[in-house]
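There are 2 protein chains.
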Amino acid sequence: MQILRVNMDQRSTSREDLDDHCRDWAGRGLIARVLLREVEPTCAALGPRNKLIIANGFLAGTRVSSSGRISVGAKSPLTGGIKEANAGGVAGDALARLGLRSIVVEGSPKEDALYLLKIGKDSAEFLSAEEFRGLGTYALCDKLYERYGKKIAVICIGPAGEHRMAAAGVAVNDADGYPSRYAGRGGLGAVMGAKGLKAIVLEDVRAEVPIANKEAFREAQKRLNAALLENPSTGKEFPEYGTISMLNKIHKLGGIPTRNFSQGTFDEHYPKLSAEGVRQTIVERGGEGTPTHGCMQGCVIRCSNVFPDARGKAIVSPLEYENLVMLGPNLGIFSLDQIAKLNYMCNDFGTDTIETGVSIGVAMEAGIIPFGDFEGAAKLMNGIAEGTVLGRVIGQGAATAGRVLGVKRVPVMKGQGVAAYDPRAVKGIGVSYVTSPMGADHTAGHTVYAKIDHHLPEGQIQTSLASQILRAAYDTVCICGFAIAAIGGNPTLITDLMNATHGTKLEPTSIQEMGKQVLRMERTFNKSAGFTKAHDTCPEFFRTEKLPPYDLTFDVPQEDIDHFFDPIEN
Amino acid sequence: MQILRVNMDQRSTSREDLDDHCRDWAGRGLIARVLLREVEPTCAALGPRNKLIIANGFLAGTRVSSSGRISVGAKSPLTGGIKEANAGGVAGDALARLGLRSIVVEGSPKEDALYLLKIGKDSAEFLSAEEFRGLGTYALCDKLYERYGKKIAVICIGPAGEHRMAAAGVAVNDADGYPSRYAGRGGLGAVMGAKGLKAIVLEDVRAEVPIANKEAFREAQKRLNAALLENPSTGKEFPEYGTISMLNKIHKLGGIPTRNFSQGTFDEHYPKLSAEGVRQTIVERGGEGTPTHGCMQGCVIRCSNVFPDARGKAIVSPLEYENLVMLGPNLGIFSLDQIAKLNYMCNDFGTDTIETGVSIGVAMEAGIIPFGDFEGAAKLMNGIAEGTVLGRVIGQGAATAGRVLGVKRVPVMKGQGVAAYDPRAVKGIGVSYVTSPMGADHTAGHTVYAKIDHHLPEGQIQTSLASQILRAAYDTVCICGFAIAAIGGNPTLITDLMNATHGTKLEPTSIQEMGKQVLRMERTFNKSAGFTKAHDTCPEFFRTEKLPPYDLTFDVPQEDIDHFFDPIEN
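Here the protein sequences come in this chain order: Z and E. Each residue of the first sequence is one higher than the one before, starting from 1 at the first, in the working numbering. Each residue of the second sequence is one higher than the one before, starting from 1 at the first, in the working numbering.
The shape of chain Z in the complex, shown without the other chains (with noise of 0.2 Å):
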């Protein structure tokens, strides 16, 4: 496996192999460690001496199921610290069919031009990307299928990436060419818009990745498909549901962000929105829609969907739990029709769905337009494709937005918009939100399904930390996060894998190490961008606002919160 290295000053390429630093690393994990050697961390985010770093996993490129995922990072121009995000889709197989580990982008180019980067087996073309420009995601990839044919894998943004907006994403097509997988958060997508990079284009190479014990892998995938079936929510839940499973029981706990943060449920709604009424509705509308949906291949828990409109027709793909909420309950919206359309616009223009939620919730609540009002999100949607002035205020996420239009109650930590878990209700998560490296991302340190009152403030440091710790050793492997329900209490069905594929001895202990090592990485790279005890906090309204109906306030002690890592670090 080699590293690409892509410089956008000269429009050049190399490979180089992994070196002694870079050999044992891969996805987040890779990503911090480059980062940490190569990037200083004071630099202008959206500057030349920020890299792009793009990376695969252990496994990637050998089929076994939720282990093709991509890693996306650099400095972010939303925190000011590091950001790792990642994405499904077919583009962390394609890249290891490739023969490489990760794609690193430096400079930038010195005039304002875009440009294509197409990868074959033993060559790297640059493009002109200029009749692309302004052109959303699913108008880009249709022109690149027709260009390249459609086996090719895409990572690309849309206008708000050109536009260097802190709430743009980075897409990646799936398997069924839709350009909906986002390594969404963090304003990746601007750093790749600086960079003046429209796509990277992945050949199709019929390549197998190499796997030093055969049969010892065989038998090590049967061993993890045997989990990921027989668990009850990568076997049933998921499948069946996809992730808006998840709604049910966040509902429950009072913890749906409705309306900006100020409601925990919406009872009225709730049959339409939960779990079964979506999968009611997309069965009863057939058509293109389908409840569930791989997104990578190898899958076999498929917790993605297909939403189709009253006639059938594909509205977006997928609908997930973060993207329903942030762009539904937390804009006063209930119509699932609106929410996949807002879904839709969001990966169309490249925007994270979460920041732009967020984002335009914080604008609803300054009164720009009132909660509830699609036709309104919509325009500002559009807004943000334009770049427009109030389509910029919004595109630079909810920090930005909340500052410039007068806003009181912000939901953001590190300045990133908080995600579809109210940290009032799931402390746990709250926990993560504020500690975490990444800024208020529930994927680095998800508590839902560990076995603790969500309500109470007790417990939550040390299942935060715990998930925290996973989740930073996955997001290094690249194995999905719905895995983890399957795999986290049996490290040795991955360990297993990864010493089938590669003839290492890894013990399963190492999975462990790896998450500290990664989280302690992050937290250099942020000490040294000027993160202190001071960021890990959380804006005041959580702490004193009453969340109905339970009447909750994040109450997790702030003293407890200035120790988080000190189990980690010495």
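If you're looking for bench data, these hints aren't it; they were derived computationally from the structure. Treat the hints with care, since some could be wrong.
Below are the BS3-like pairs computed for lysine-lysine, each with C-alpha atoms no more than 30 Å apart in a straight line [said to hold, decoys possible]:
(1) Z:K451 with Z:K252
(2) Z:K272 with Z:K379
(3) Z:K379 with E:K379
(4) Z:K527 with E:K527
(5) Z:K143 with Z:K313
(6) E:K379 with Z:K408
(7) Z:K533 with E:K533
(8) E:K546 with Z:K110
(9) Z:K110 with Z:K121
(10) E:K408 with Z:K408
(11) Z:K451 with Z:K143
(12) E:K249 with E:K214
(13) E:K533 with Z:K527
(14) Z:K408 with E:K527
(15) E:K110 with Z:K546
(16) E:K236 with E:K451
(17) Z:K516 with E:K533
(18) E:K408 with Z:K118
Based on the hints, put chain E in the right spot on chain Z.
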């Protein structure tokens, strides 16, 4: 001397004696002291836990030349750190005559209400200010003079402060009734707005402040006046040309921010905008115009002016160096009348002229309006007063404007716009911008009068540190910065006056010690607020882009900057 505590939740006030903690402090030092003791550094700057602190100096009310300034401070909504800004005018003395060293404004009204606080010798009264909502400072003061007489002192905000914009300042009226003396920087007007305070009216009482040793006082005052009159700057240059004498010096150094810091000179327009040119215009036009004018009683420097239009009607008072440059050449505007009009608008709407100038310059670089477009700039200013979305973008300061509008060259440090000295050409002030706890503030460490080559990196660290210590001390005594040229090397001129007034036995060395202690307190606050060495950096373009005509970059080594405060911190 007492402190008036003002509680905006309850709309209650109470007087308290200066306790041991505060007794030896005034002005900027008292602000640091109270903030460090009473305000959580991570609190929301516009939330109820921040405090707005107003404080006069040790010689307030004595009519000693240049001693009546007033400090305003809080946690800054612009920088996120500690902020003190001070102003001339009549409030400092008036406060002293009311027996007050300080007003500490706490909490915030539950509802969105606006108040007037009227303070008398033994009274403090809240009145509704709803009728003044949206009013500019000039019209507000006219109404207050009408109601309470012309001799009141007024501390107030314009619409920008009501809108809680981070470029909003706090205005103080001068001896002629113009509300144009500004504690401008750092968004203190937004903090006052968030407290629901439109204005504080200080009644005029004819009391004299007590002086312990009148004979020694008179003798020391005589010596100070002689020193001010003998010094070439305070005795001749400032009285004749006002602060605009600085323009000639900085133009010669090639350090005048021109078209968003892309040039350091503007040769063809120089004759008109130079100190001689401005004076000549004022003298020729006559009428209400005057090239010399005192902002405080007793001042022997009288550096202020009144700038008239062609018919002799006052446009603005004063037209100062900073304002002339940041609203003129920095915007590509070279008409004195246009500059004076923009200056008036800033004063009336309640925005800091520097931050506003930097912010509009950034908007011009983004292409919102072209450089040189006075009408466009005036329209942007009106947008600030009206609170339009674009007005809010500009009014939140240059860092936010640059972020929203996608500008690469954003001249800010610690989130605050750079003043009228390009750090590449006046490198000592550059070091002050980078290191000062106040952000890019020229008053925090002015170095132009130091005998040093301002173009060389050598010696700037030492020069800036010496200046920052001196400025912190004299901002604590509340002595005008312009007097420092004459008294900087002779602290007995001030300590003798302080001793004569208060019966103390201060040594001349206590000035140095006071300055160091203030800087230490401010840095302690900032550290707890989350500031590290990573924040003592400057935008990349100052280090990489050569400033014409002398092709200068800011090349003071970052390593030296990282150790800047070592000499005063253990």
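Verification of the hints:
1. Of the pairs offered as hints, the one joining K451 of chain Z and K252 of chain Z holds, with about 15 Å between alpha carbons and a cut-off of 30 Å not exceeded.
2. A C-alpha spacing of about 25 Å is found between K272 of chain Z and K379 of chain Z, which places the hinted pair at or below 30 Å, so the restraint holds.
3. Distance hint between K379 of chain Z and K379 of chain E is fulfilled; the C-alpha atoms sit about 25 Å from each other, no more than 30 Å.
4. Only pairs whose Cα atoms come within 30 Å are accepted, and K527 of chain Z paired with K527 of chain E is accepted, the gap being roughly 13 Å.
5. A distance of roughly 21 Å separates the Cα atoms of K143 of chain Z and K313 of chain Z; the hinted pair therefore holds under the 30 Å criterion.
6. Our distance criterion of 30 Å between C-alpha atoms is met by K379 of chain E and K408 of chain Z, whose separation comes to about 27 Å.
7. Taken as a hint, the K533 of chain Z and K533 of chain E pair is honoured in the structure, with Cα atoms around 15 Å apart against an allowance of 30 Å.
8. Annotation: proposed proximity of K546 of chain E to K110 of chain Z holds, straight-line Cα distance about 16 Å (limit 30 Å).
9. Between K110 of chain Z and K121 of chain Z the alpha-carbon distance is near 29 Å, which keeps this suggested pair within the 30 Å criterion.
10. At most 30 Å may separate the alpha-carbon atoms for a hinted pair to count; K408 of chain E and K408 of chain Z meet this at roughly 28 Å.
11. The straight-line distance between the Cα atoms of K451 of chain Z and K143 of chain Z is roughly 48 Å, outside the 30 Å bound, and the hint therefore fails.
12. Between K249 of chain E and K214 of chain E the alpha-carbon distance is near 40 Å, which puts this suggested pair outside the 30 Å criterion.
13. The suggested pairing of K533 of chain E with K527 of chain Z holds, with an alpha-carbon distance near 10 Å, which does not exceed 30 Å.
14. With a C-alpha separation of about 24 Å, the suggested pair K408 of chain Z and K527 of chain E falls inside the 30 Å cut-off, and the hint holds.
15. For the hint pairing K110 of chain E with K546 of chain Z, the CA-to-CA distance comes to about 16 Å; that is within 30 Å, so the pair holds.
16. About 19 Å separates the Cα atoms of K236 of chain E and K451 of chain E, which keeps this hinted pair within 30 Å; it holds.
17. Of the pairs offered as hints, the one joining K516 of chain Z and K533 of chain E holds, with about 26 Å between alpha carbons and a cut-off of 30 Å not exceeded.
18. Taken as a hint, the K408 of chain E and K118 of chain Z pair is honoured in the structure, with Cα atoms around 28 Å apart against an allowance of 30 Å.
Hint compliance for this structure: hints 11, 12 are not met, and every other hint is.
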